[in-house]
Amino acid sequence: MKVKEKIIEILLKLSALISILTTVGIILVLSIESISFFSEVSILDFLTDKEWTPLFVQKHFGILPLLSGTLLVSFIAIAFALPIGLTIAVYLSEYAPRNFRNWIKPALELLAAVPTVVYGFFALTIVTPFLQKIIPNLSGFNALSAGLVMGIMIIPFVSSLSEDALSAVPKSLREAAYGMGSTRFQTAFKVTVPAASSGIVVSVILAISRAIGETMIVAIAAGQQPRLTLDPTVPIETITAYIVQVSLGDVPHGSLEYKTIFAAGITLFIFTFILNSISFRIKKKYQEKYE
Amino acid sequence: MNNATVNRFKDKLFQYWGMASTLLGLVLLAVFIGNILVEGLYRLDWDFLTSLPSRKPEKAGIYTAMLGSVWILFLTALIAFPIGVASAIYLEEYSKKSRLNKLLEINISNLAGVPSIIYGLLGLEVFVRIFGLGGSILSGSMTLSLLILPIIIVATRESIKAVPKSLKEASFALGATKWQTIWHQVLPASFGGILTGVILALSRAVGEAAPLIVVGALAYVPFAPSGPMDEFTVLPIQIFNWVSRPQHGFNINASAAIIVLLIITFFMNGIAVYFRNKWQKKLSL
Chain A
1 MKVKEKIIEI LLKLSALISI LTTVGIILVL SIESISFFSE VSILDFLTDK EWTPLFVQKH
61 FGILPLLSGT LLVSFIAIAF ALPIGLTIAV YLSEYAPRNF RNWIKPALEL LAAVPTVVYG
121 FFALTIVTPF LQKIIPNLSG FNALSAGLVM GIMIIPFVSS LSEDALSAVP KSLREAAYGM
181 GSTRFQTAFK VTVPAASSGI VVSVILAISR AIGETMIVAI AAGQQPRLTL DPTVPIETIT
241 AYIVQVSLGD VPHGSLEYKT IFAAGITLFI FTFILNSISF RIKKKYQEKY E
Chain B
292 MNNATVNRFK DKLFQYWGMA STLLGLVLLA VFIGNILVEG LYRLDWDFLT SLPSRKPEKA
352 GIYTAMLGSV WILFLTALIA FPIGVASAIY LEEYSKKSRL NKLLEINISN LAGVPSIIYG
412 LLGLEVFVRI FGLGGSILSG SMTLSLLILP IIIVATRESI KAVPKSLKEA SFALGATKWQ
472 TIWHQVLPAS FGGILTGVIL ALSRAVGEAA PLIVVGALAY VPFAPSGPMD EFTVLPIQIF
532 NWVSRPQHGF NINASAAIIV LLIITFFMNG IAVYFRNKWQ KKLSL
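Taken in sequence, the protein lines are chains A and B. Start counting the first sequence at 1; every next residue gets the next number (our numbering). Start counting the second sequence at 292; every next residue gets the next number (our numbering).
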């Protein structure tokens, strides 16, 4: 009996270790291929060159155009999703009747359940033609519609985590505000939102990290032209879309072009890793505050 | 107007704005889906489901993509379900408060935030090259399993945590060992919650395209896969492939394929919500 228990424990432990191995694997794979990439391309060029053309004859390896594309789309997505997501969170936690809330929350989760390739299709075939009526010189591929549609997708990320944070604010704080004659609006924005601010920040950081790593929407709707610009109406390329572009082509293993996707990947990984670590820190801190 | 009226007015205004915001995303999604239905519904017939891909849009179907998705779903479930549940049991029942536990916890929360395409790069290097599995269904499933492990682990831990302590104590008092208690008491009691998490994770896997493209799933597969070592494509990649073609006929095909994909994901989400509600009721009894 004892032996069996021990064996089971070891098996369970091995399973748990797979997740550590995954992290180690990701870091190793990205680093090894990137180190070999940077032995051929100087890291200074990578960080400062304003062009990214590894698939052309005239090769340039500057990550800045891909990075600017990634950040531009993410910025548009967050600028759209943050005010709406936050409003939803406040509305659901302070205003909405309980049965409406119970009904609407799973419906909102549906927004995040739609596969991203479907959102890409929406962006390309519905949102872009619609926006072209308002902005006539909008290209068929652009950062604007990709960003807006991505914004729709991440609304539930902002709203549901923020609402959790708002609901965790002790009732006594709210009652004190009401007792002094505040309206729900005043209570929400002068008392509950400030009290839940760290949780709200966590939700926003996770949404940003999600937007930066999003792939199919931008691969379909934002274009494949790496370009250092802040203009949302022209085609651009994000880090993720570049990796997809190379993966679809016939790039031989071990070539410099092959290694570029790992150099691009490690850049992406570093960004999301930093964002995730910050959100984890904040989360730990505010959990302690309420416990 | 005095201050109080202004404040009450602002309060009312925000209420309407809040209602509008809540419905905005859903209304947009409804408009989008309505559009897709108009475009693609008439294309959706038995032929479309059972035809092989073709260069001519009116002849092309989603047979290979659907079979690929089913294979991927089946193998991913087979790999990720036992590993995920076992990891969660270890974290929740065995390694409480140890340093390893802390490390694992930080690690899992970080993994959950890693973009899916990075998992694709990991799969490409480890499963496709080092293990030599090539761009096969097995490589794809293993990659997606790693991707959804954090989701399964988190959901399973939550469900196990919700099992009342009294249940375990009663089992121990009757002389059951730790594993007997877990196997006969904890797991059955938390099964509804675990199932919800696993189904949600799998519905995420069904919709993924990016990591599979990186691993080497092909856009054009002229035959149906028959084993885990075969080359494959999946529905989302088929849709991506059709979306990027200029002919309008392929756009219609994409719409029709999207209807199928949405039915599958919404159906899985529906089942998950159903299990969750049922399980929560059982727990509160």
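Don't read these hints as lab results, they were simulated from the structure. Glycine is no exception: its CB is placed at the ideal position from the N, C-alpha and C atoms. Treat the hints with care, since some could be wrong.
Said to hold, decoys possible - For each label pair, taking beta carbons as the anchor points, the in silico distance ranges come out as: (1) Y511/B / P194/A: 28 to 38 Å; (2) K190/A / E449/B: 32 to 42 Å; (3) F558/B / S31/A: 37 to 47 Å.
Stated by the list, open to error - If you want the footprint, here are the derived chain A segments under chain B, 3+ residues with CB under 8 Å: (4) 29–36; (5) 62–68.
Claimed, not checked - Result set (DSBU-like, lysine-lysine): computed pairs, CA atoms no more than 35 Å apart in a straight line: (6) K6/A / K303/B; (7) K171/A / K388/B; (8) K171/A / K456/B; (9) K190/A / K303/B; (10) K133/A / K350/B; (11) K190/A / K105/A; (12) K456/B / K4/A; (13) K285/A / K459/B.
Tested hints:
A C-beta distance of roughly 55 Å is found between Y511/B and P194/A, which places it outside the suggested range of 28 to 38 Å. The hint said 32 to 42 Å for the Cβ distance between K190/A and E449/B, and at roughly 33 Å that hint holds. Range check, F558/B to S31/A: Cβ separation about 41 Å, and the 37 to 47 Å hint holds. Look at the region 29–36 of chain A against chain B: 3 of its residues bring a Cβ nearer than 8 Å to a Cβ of that chain, three or more, so the hint holds.
Taking a C-beta to C-beta cut-off of 8 Å, the region 62–68 of chain A contributes 0 residues in contact with chain B, too few for the three needed, and the coverage statement is violated. A distance of roughly 63 Å separates the Cα atoms of K6/A and K303/B; the hinted pair therefore is violated under the 35 Å criterion. Note on K171/A and K388/B: the hinted pairing holds, with a Cα-Cα distance of about 31 Å set against a maximum of 35 Å. Our distance criterion of 35 Å between C-alpha atoms is met by K171/A and K456/B, whose separation comes to about 28 Å.
Annotation: proposed proximity of K190/A to K303/B holds, straight-line Cα distance about 17 Å (limit 35 Å). With a CA separation close to 34 Å, the supplied pair K133/A and K350/B stays within the 35 Å bound. Simply put, K190/A and K105/A have alpha-carbon atoms about 25 Å apart, close enough for the 35 Å limit, and the pair holds. As the CA atoms of K456/B and K4/A are separated by approximately 24 Å, the hinted pair is consistent with the 35 Å bound.
About 31 Å separates the Cα atoms of K285/A and K459/B, which keeps this hinted pair within 35 Å; it holds.
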